[in-house]
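Visitor: Listed in order, the protein sequences are those of chains A and B.
First residue of the first sequence: 217, per the numbering used here; consecutive thereafter.
First residue of the second sequence: 423, per the numbering used here; consecutive thereafter.
Keep in mind the hints are simulated off the structure, nothing from the lab.
Please note that a few of the clues may not be correct.
To be verified - What follows is a set of in silico ranges between Cβ atoms, one per label pair, in the way DEER data are often shown:
1. 622/B x 412/A: 53 to 61 Å
2. 634/A x 547/B: 50 to 58 Å
3. 349/A x 547/B: 30 to 38 Å
4. 637/B x 370/A: 35 to 43 Å
Each residue gets a CB set at the ideal place from its N, CA and C atoms; glycine is no exception.
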Amino acid sequence: MHIIQELLFVIAFGVAVYLFYRKARQIRQNILLGRDVQLNDEPAARWRNLLLLAFGQKKMFRNPLVAVLHFFVYAGFVIINVEILEIILDGILGKHRLFAPLLGGLYPVLIGCFEVLAVLVLAGCAIFLVRRNIVKVKRLNQHELDGWPRSDANYILITEIVLMLLFLTMNTADQALQQHGHEHYINTGAFWVTGPFVSLFSGLSDGTLIAIERTCWWLHILGILAFLNYLPYSKHLHIILTFPNAYYADLRPKGKMENMPAVQKEVQLMLQPELAADAPAGDIPKFGAKDVPDLTWKNLLDAYSCTECGRCTAACPANITGKKLSPRKIMMDTRDRAEAIGEQIAKTGSFTEDGKTLLRDHITEEELRACTSCGACVQECPVSINPLHIIMQLRRHLVMEETSAPQEWNMMFSNIENNMAPWKMSPDDRDKWAVEMNG
Amino acid sequence: MQIKTMAEYAANGETPEILFWVGCAGSFDQRAQKITKAFATILDKVGVRFAILGKEESCTGDPARRAGNEFIFQMMAQNNIAVLNGYEVKKIVTACPHCFNTLRNEYPELGGHYEVIHHTTYLQQLIDEGKVRMKEAGAFKGRKITYHDSCYLGRANNIYEAPRKVLEALDAELVEMKRCRSNGLCCGAGGAQMFKEEEKGTTRVNFERGKEAVETGAAVIASNCPFCMTMLTDGVKEQGKEDAVQVLDIAELIAQQIA
């Protein structure tokens with residue numbers, strides 16, 4: 217009997233890990249669809265970001281109450297997963313509470329801590345469900361979340377609650393069996409949270425208790441393995457990608473736009489034609505971004521790291537004043553498009569034009585034109601995403617590849633070119649104010 | 423007062439302490455010209471030897487770049503850098519955070535390396551050094567002033583304290599808007615929005631910000647950017663408070679109260 221359980225466990229575990237690996241590789245390929253950028257400079261600053269922004273969740277604390285709840289869920293989930301190690305070893309070896317004899321008196325303390333965390337996770341997730349579905353916090357209920365994204369968020373929270381309940385129920389049944397003196401269930405002493413609840417189960421027969429304990433054990437571990445494989449299809453992938461995304465976060469001042477060396481060179485040759493003779497003829501580069509492969513791999517890593525919390529959108533002056541732009545939607549659109557391209561490559565082996573692009577099929581010109589480049593979205597993002605970089609690359613494509621700009625912008629361009637100022641003013645009047653002061 | 427250009431300094435074989443980069447708004451916009459004049463007055467009073475580029479100055483290219491037109495940006499930037507490097511300019515002070523951001527962050531990789539200072543930081547330095555002193559019984563003493571963080575000074579360059587320290591020198595009561603410092607709400611002009619009609623929405627960004635500023639009950643909204651100035655002035659008008667609430671640049675406040 218035991219050997220069958222062990223075998224089933226090993227198979228379930230192996231399949232889950234393999235499926236996750238396959239999907240993770242696919243996502244890596246999708247991210248690498250983006251153009252290359254070097255983001256390995258200043259490792260000290262990058263490790264600092266990793267520690268502060270990812271592990272420390274520094275930006276979450278801009279809203280302390282939510283930050284504390286989120287920290288409970290995060291810490292609880294990560295730390296309780298240490299228990300998974302024992303569960304996996306038990307599963308493979310057909311043992312029960314493998315670490316209990318090794319740790320002695322420390323074991324119930326450790327499990328006690330896990331139980332306290334489990335309750336905090338449970339409470340945190342419950343409050344988050346209330347915020348989403350009853351209080352209806354604005355940023356968690358905007359229309360770009362209609363459909364799957366809203367369900368996704370609820371599924372995650374409900375799953376975490378269920379997993380925690382299974383863990384606690386399992387421990388309760390386990391202690392009841394210990395009290396019954398069942399030999400397989402070695403004595404660990406009472407656990408902190410579930411200890412007082414054991415009396416609820418004490419009237420049940422050994423058979424029923426074992427059934428409860430085993431069912432919870434199996435559902436708990438299968439649930440975790442299923443959750444692992446749900447991650448890559450969900451916004452919840454942020455629990456993994458936050459870490460690399462913090463490491464590769466942009467270290468430049470937020471006001472600095474990415475330079476375009478190809479345009480720099482072209483203008484240089486125009487202003488200093490004497491250099492042209494020595495200049496090698498280069499390929500005609502693409503200006504800006506129209507589709508996902510034109511963006512950087514960091515932009516795509518951003519898209520996969522986004523957990524759709526909407527702090528960016530809640531701080532966006534355009535969105536606040538009712539414009540169509542939502543930085544969160546920019547990230548969701550980018551991920552959707554990267555997924556679509558990835559699927560096509562998986563099916564046909566390569567990416568061919570499918571008549572769709574990120575620009576227009578996902579993100580409209582109206583959205584892009586509402587951006588004030590204020591940087592609030594970049595500032596707010598707890599997981600180091602830069603929606604502004606994508607917006608600016610799409611704008612560059614619109615203007616330089618399609619000469620698509622509002623009429624007023626075209627006038628502004630021509631004023632700058634001809635009068636060295638965005639308004640139609642005579643360059644000779646530039647120092648008029650000084651002449652007035654000089655009297 | 424005698425405001426001299428870099429060309430005039432160079433012709434006399436002299437070098438000024440700083441180049442005052444005026445910017446397009448400061449040069450051409452009637453309201454912003456007052457900021458320019460106020461700042462020049464302070465510099466003159468303190469005895470800072472400063473120059474302007476005069477007719478040799480061009481747009482930094484910021485609005486073109488942010489609208490997506492890199493060609494125009496590069497043309498402006500490379501021309502400006504040639505002029506600045508030609509005069510061997512080392513230190514630039516500007517009263518426009520957009521010019522400041524572009525000169526400081528975007529010109530270096532195109533070959534323009536200068537120490538670039540925003541005028542609020544420069545004023546703070548002058549106050550700290552005791553070169554700028556305020557009148558004893560200042561007009562703003564005890565009055566409520568609120569300060570609007572421009573995006574390009576604040577989030578873009580992490581400068582939040584210098585302008586506030588300058589305002590403290592006025593002995594005024596500084597009241598913050600709910601969205602301030604890194605949470606500050608944009609005025610609506612950045613990213614080349616200044617030069618086009620806003621997209622369709624439920625309200626305008628500057629109306630939203632104007633409302634928030636007026637709600638502080640401040641008599642003065644202090645700004646540090648000529649574009650914010652335009653936007654906030656309109657925002658205050660929309661609230662019908664143009665008679666009760668003044669929008670003034672930090673340089674104007676100091677120029678009024680300098681001893």
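Visitor: Failing hints, ascending?
Guide: The structure breaks hints 2, 3; every other hint is satisfied.
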